[in-house]
Amino acid sequence: MTGNGLTTTSLTLGYRERVVIRELSIAVPDQRVTSILGPNGCGKSTFLKALARLIAPASGQVRLSGDDIGKIDTRTLARRLSILPQSPKAPEGITVSDLVRRGRTPWRGLLAPWSEEDASICAQALQQVGLSDLAERPIDELSGGQRQRAWIALVLAQNTPYLLLDEPTTWLDLAHQLEVLSLLQKRNRDHGTTVVTVLHDLNLAVRFSDHLFLFGANGLVAEGTPEEVITPDNLQAAFGLRALVMPDPLTGRPMIVPY
Amino acid sequence: MSGEGSARKIVGGWLLLGGLLAAAILLSLMVGQIMITPAELLRGLMTGAGPGSLTLRVLRGPSTLTAVGAGAVLGASGAIFQILLRNPLAAPDVMGFMSGAGCAVVAGVAFGLFIPLPILAAIGGLVAALLVAGLAFHRSGRQSPLTLILVGIGIGFFASAVSSFLVLRMPPQEAADAQRWLAGSLTARNWGHVLQVFGLGALLFVVLALQVRAMALLELGDELAAGLGAHVERARYGLICTGVLLAAVGVAVAGPVPFVAMMAGPLGMRIAGVRHPASRLTAAAIAGATITVLAEVISRSAIPGLQLPVGVMTGIMGAPYLLWLLWKEVEAGEL
Numbered sequence: 001m002t003g004n005g006l007t008t009t010s011l012t013l014g015y016r017e018r019v020v021i022r023e024l025s026i027a028v029p030d031q032r033v034t035s036i037l038g039p040n041g042c043g044k045s046t047f048l049k050a051l052a053r054l055i056a057p058a059s060g061q062v063r064l065s066g067d068d069i070g071k072i073d074t075r076t077l078a079r080r081l082s083i084l085p086q087s088p089k090a091p092e093g094i095t096v097s098d099l100v101r102r103g104r105t106p107w108r109g110l111l112a113p114w115s116e117e118d119a120s121i122c123a124q125a126l127q128q129v130g131l132s133d134l135a136e137r138p139i140d141e142l143s144g145g146q147r148q149r150a151w152i153a154l155v156l157a158q159n160t161p162y163l164l165l166d167e168p169t170t171w172l173d174l175a176h177q178l179e180v181l182s183l184l185q186k187r188n189r190d191h192g193t194t195v196v197t198v199l200h201d202l203n204l205a206v207r208f209s210d211h212l213f214l215f216g217a218n219g220l221v222a223e224g225t226p227e228e229v230i231t232p233d234n235l236q237a238a239f240g241l242r243a244l245v246m247p248d249p250l251t252g253r254p255m256i257v258p259y
Numbered sequence: 001m002s003g004e005g006s007a008r009k010i011v012g013g014w015l016l017l018g019g020l021l022a023a024a025i026l027l028s029l030m031v032g033q034i035m036i037t038p039a040e041l042l043r044g045l046m047t048g049a050g051p052g053s054l055t056l057r058v059l060r061g062p063s064t065l066t067a068v069g070a071g072a073v074l075g076a077s078g079a080i081f082q083i084l085l086r087n088p089l090a091a092p093d094v095m096g097f098m099s100g101a102g103c104a105v106v107a108g109v110a111f112g113l114f115i116p117l118p119i120l121a122a123i124g125g126l127v128a129a130l131l132v133a134g135l136a137f138h139r140s141g142r143q144s145p146l147t148l149i150l151v152g153i154g155i156g157f158f159a160s161a162v163s164s165f166l167v168l169r170m171p172p173q174e175a176a177d178a179q180r181w182l183a184g185s186l187t188a189r190n191w192g193h194v195l196q197v198f199g200l201g202a203l204l205f206v207v208l209a210l211q212v213r214a215m216a217l218l219e220l221g222d223e224l225a226a227g228l229g230a231h232v233e234r235a236r237y238g239l240i241c242t243g244v245l246l247a248a249v250g251v252a253v254a255g256p257v258p259f260v261a262m263m264a265g266p267l268g269m270r271i272a273g274v275r276h277p278a279s280r281l282t283a284a285a286i287a288g289a290t291i292t293v294l295a296e297v298i299s300r301s302a303i304p305g306l307q308l309p310v311g312v313m314t315g316i317m318g319a320p321y322l323l324w325l326l327w328k329e330v331e332a333g334e335l
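Taken in sequence, the protein lines are chains A and B. Number 143 in full-length UniProt numbering belongs to position 143 of the first sequence; there are no gaps in the numbering. Number 75 in full-length UniProt numbering belongs to position 75 of the second sequence; there are no gaps in the numbering.
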């Protein structure tokens, strides 16, 4: 499979004893919000890391615009694709703006000074996550939701067409989960950024995603639009979950009611 | 550069840090068996004559400047390991790299090898670092910073024991000199030492400056660093090597002075009030220079007529700090 976007060809992940993803060939739709769903231990995080080249495949490839991601120069890749790992740890005492500025690293020449463009992209990233006023505050002093938004500002400052996030809503309360997902959705709508997230909460994933990959213990169960993927049969197959699926009264998208 | 708290506070911090170093240097030039006034020093500097000139050129100038250079390279080296391992105990003195460097120098002298001291020190430091990495190696590929530090302390003791053994087998006069050097000594330094520590130090600081951005990424964790375009393993090895070599340059001119590398990083960071690795490394270098110069002047003037090795002084200053850090680790349940 060649061509555009982020794709995998016969991707196998894991080691001899424990293969988590086997022979998977998929295409992440460009300029959409995609969520990767599945029970714990199904390999969804591993899959996301492989998409970002943090894990080398046992076999097969991840391709970006047709190029094998393993062969792309590290800095070039960092200009096209960014990844926010799960629960990153900030160095003690670092301020929000210091953190966000480091997102510009792949765009700066070895000796290039800090440019107007770098500054304006950082300011924009801070503004998009609503932290402009807290830019000079140490991260340790922020609330959980603000902290997560600071990390998202870091990858927004990286300014890549592909943005991957591993469980960006973990440890946040519901209001802050909504806040984080809406700002990612807004980034997608305003900039055409392809957003790929691993999410735990099925209803939130449905609400904010254009495309879903649903994994079960034995690999991919279904992919497609939320309407196509979220069916009682698929939920049973992926999670062993018995649930009703009915239209969300607010958006009309599928809503899961377990029983 | 913005991004680090209030600008005025930062400028004040840097001024304080620089002022402390300047004061320490002035003190070191003035104090000794004969007191020299700043006016005499200035006259000596301008005219090249009088007691001020002799002090600057021969008596105290070279020792003081060697202390500045050695302190700066040791301070920067300590900050590298403290940032990489995210632990204030991580430093080349605590982790045995400096004892390794010292051991190699003593071995070189004992066996009559004609290899320049900085090269011997570098080899010793790198071997110690390799031993620490090898002994702490874990199949998972991840070892806790504390494991590395404890293994390093062990390697340090081993290297010191080997040094002691080699010294015991030397002729008496040579043994006394070696013993003194191993305690960390800045007596009778000449302009050759100054040139050596500043020349090699400047070279390594340039190499370090080129790695600072990668360091700022490594600080965010390996996965984010990789995502932001860092070659994680390569960058880490590069920084470790630079840190070991900086320590070796310090050891080559001053002996394995204990605790300067460990104390300088946190002290500089507190006084300057900075966070970014570039600022932390600079602050650590200045703080390291200040500590070493102060320790040197105290060691030669504390007891009249007795010249203590500078390492005795840094040991007296550093040991309580080390104990306090260990106590904090125990409190935090890390040890």
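In case anyone wonders, no lab produced these hints; they're calculated from the structure. Quick caveat, the model's predicted, so the values are computed rather than measured. Here a beta-carbon is modelled for each residue, glycine too, at the ideal position from N, C-alpha and C. Among these hints, one or two may not hold up.
What the hints assert, rightly or not - Listed below are the simulated DMTMM-like cross-link pairs for lysine to aspartate or glutamate, each with C-alpha atoms no more than 20 Å apart in a straight line:
#, chain 1, residue 1, chain 2, residue 2
1, A, Lys71, B, Glu329
2, B, Lys9, A, Glu136
3, A, Lys89, B, Glu174
4, A, Lys89, B, Asp177
5, B, Lys328, A, Glu92
6, B, Lys9, A, Glu227
7, A, Lys89, B, Glu233
Claimed, not checked - To spell it out: a stretch of chain A is covered by chain B in this simulated footprint if at least three of its residues, at any positions, have a beta carbon under 8 Å from a beta carbon of chain B; those stretches are:
#, segment
8, 76 to 85
9, 93 to 103
Hints versus structure:
1. Restraint check for lysine 71(A) and glutamate 329(B): not satisfied, since their Cα atoms lie roughly 43 Å apart, outside the 20 Å limit.
2. For the hint pairing lysine 9(B) with glutamate 136(A), the CA-to-CA distance comes to about 13 Å; that is within 20 Å, so the pair holds.
3. Taking the CA atoms of lysine 89(A) and glutamate 174(B), the gap is about 52 Å. The hint is violated against a cut of 20 Å.
4. Proposed proximity of lysine 89(A) and aspartate 177(B) is contradicted: the alpha carbons are some 48 Å apart, above 20 Å.
5. Proposed proximity of lysine 328(B) and glutamate 92(A) is supported: the alpha carbons are some 16 Å apart, at most 20 Å.
6. Taking the CA atoms of lysine 9(B) and glutamate 227(A), the gap is near 56 Å; set against the 20 Å cutoff, the hint is violated.
7. Under the criterion of a C-alpha separation no larger than 20 Å, the hint pairing lysine 89(A) with glutamate 233(B) is consistent with the structure, at around 19 Å.
8. Here the segment 76 to 85 of chain A counts 8 residues with a CB under 8 Å from a CB of chain B, which clears the bar of 3, and the coverage holds.
9. Under the rule that three or more residues need a Cβ within less than 8 Å of chain B, the assignment of the segment 93 to 103 of chain A holds, with 9 such residues.
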